[in-house]
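*Asks:* Listed below, chain by chain, are the residues.
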Amino acid sequence: MSTGEIYLDGAASTPLDPRVIETMDDAARRGAGNVASIHWAGVAAARCVERARAIVAGRLGATPDEIVFCGSGTEGNNHAVLGTAWAEGRGHLVISAVEHASVLEPARWLETQGFSLTLLPVDSGGRVRPADLAQALRPETILVSVHHGNNESGAVQPIADLGRICRSHPVRFHVDACQSFGKLPVRPDEMGADLVTVDGHKLHGPHGVGALYVREGIALAPLLRGGGQERGLRSGTHNTEGIAGFGRAVELADEADAERLAGLRQHLLERLRAAIPTLCEVAGSGPVLPSVLTVRFPGHSGKAIAMELSRRGIAVGTGSACQAGEDRPSRVLLAMGLTPGQCMEAVRFGLHRFLDEAMLDRTVEVLTEVPGNRGQA
Amino acid sequence: MSQESSPPAGFLDLTGVPCPANASRALLRLELLDAGDLLELLVDDGEPRINVPAALEAEGHAVVAREQTTTGTWRLLVKRG
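Those protein sequence lines, which keep their order, are chains A and B.
Just so we're aligned: the first sequence equals residues 1 to 377 in the working numbering.
Just so we're aligned: the second sequence equals residues 1001 to 1081 in the working numbering.
Keep in mind the hints are simulated off the structure, nothing from the lab.
Bear in mind that the values here come from a model prediction, so they are computed numbers and not experimental data.
Where a beta carbon is used, it is the ideal one built from N, C-alpha and C, also for glycine.
Errors might be hidden in some of the hints.
[What the hints assert, rightly or not] Sample of chain A residues lacking proximity to chain B, with all beta carbon distances greater than 10 Å (derived): (1) Y7; (2) I21; (3) V43; (4) R47; (5) G192.
[Said to hold, decoys possible] Here are the in silico distance ranges between beta carbons for each label pair: (6) B/G1081 <-> A/G4: 47 to 57 Å; (7) B/D1037 <-> A/D356: 42 to 52 Å; (8) B/T1069 <-> A/Q113: 42 to 52 Å; (9) A/T112 <-> B/R1066: 54 to 64 Å; (10) B/E1047 <-> A/G263: 50 to 60 Å.
Work the whole structure out from these sequences, hints included.
*Replies:* If you want it as structure tokens, here you go:
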């Protein structure tokens, strides 16, 4: 980032921590071997991978054998959904209407292959009602998948309540925790989860690396077949440097970091409200991720505001997904009951470790100068 | 396993863990111990019982005892170098 630029889109991706880069550099120099080779170079590479595995497992309260490294959060989510379906052969899946596309799309595809699917609605705060889950479960349900924290709204789901309902049925519970890992406690045992997806680049680690927690005893079909790495669940030569960096990033993410983020989020919200009183917080009615603040600027285009901020060196996210060159309202925000027009007013601020209050104050100052918001301060 | 009088400072079950991840996990655990401390390992028969001691010895640790269990796995006692 150049001097003066402010990166405020941490829900899309976070900047690499320099300490993570050091670890990756070290792994790249020392871990030249293939993790599957038995010679000294293989041991050195395996040491990088196993160190990271122990760190990720420790943070999750899991055993090292329950961690399957993969290439992304998307891969982990696909693996949880498709791997369960292929292991079971048939059945019914339940996912929330606000899941990431990497859960929704494989589930939709399974529908075309003879599986059935129920989408759970959410309330106006973007959260699943546990009673809706209890009602959706059937004897043939094989998988429930609900994320921990939402990437668009920031809403945190009542995961432990949902997990308790799943535990009283013979059904697997998958939690996509890519947004919350390193910011909120993610403990599969406390969540009642059998499968949990986490990834690296949302917590100042590298792109292209993630992990799927697979509870001991859970049968899962692999997505990739070949050399049998990761206990046969994920064939393919390990991304040693990436995995080492992921482990270091997990090691660096602590509770103090999360508290600081929550403070920054509150600071930004207060400053925004003071400067632009018409602004509406999305998902503010319940628990939210400390790293995501999504707001609407009534009467204004969120995308236009984001583009204008970008021209002035500030990167933020919007609530709309640009697909095939056409603006469509976010299905996540629509599911929360926002109108298509309201969805287009959304701007998402993604907080992360390398922001401070002065940067947030500068962002608010620039926002009030953006055409359309001028005069509202 | 009776040659060392002091009790092991740690135990690691590496059965089912393939080479060289098994040796790597043992090395990581040894890093947490003090020089002279003992680590007890359980490894599979076959390649692991050969590869794991070799990898540990290459890093300066000593395998001071080894015995096969009734289930065929191997119990190793390693002194941190």
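*Asks:* With reference to the structure, classify each hint as holding or not holding.
*Replies:* Checked hints:
1. With a least beta-carbon separation of about 35 Å from chain B, A/Y7 lies farther than 10 Å from that chain, consistent with its non-interface assignment.
2. For A/I21, the shortest C-beta to C-beta distance to chain B comes to about 22 Å, beyond the 10 Å cut-off, and the non-interface label holds.
3. Listed as outside the interface, A/V43 is inconsistent with that label: its C-beta sits roughly 4 Å from the nearest C-beta of chain B, within the 10 Å cut-off.
4. Not every CB of chain B lies more than 10 Å from the CB of A/R47, the least distance being 4 Å, so the non-interface label is violated.
5. At roughly 26 Å, the least C-beta separation between A/G192 and chain B is larger than 10 Å, which holds for a residue marked as non-interface.
6. Checked against the hint of 47 to 57 Å, the C-beta distance between B/G1081 and A/G4 comes to roughly 52 Å, which is consistent with it.
7. Between B/D1037 and A/D356 the beta carbon distance is about 44 Å. The supplied range of 42 to 52 Å therefore holds.
8. Distance hint check for B/T1069 and A/Q113: the Cβ-Cβ separation is about 46 Å, which falls inside the suggested range of 42 to 52 Å.
9. Remark: the range hint 54 to 64 Å for A/T112 to B/R1066 is upheld by a beta-carbon distance near 55 Å.
10. B/E1047 and A/G263 have their C-beta atoms about 53 Å apart, which keeps the hinted 50 to 60 Å range intact.
Hints 3, 4, counting from the list given before, are not met by this structure.
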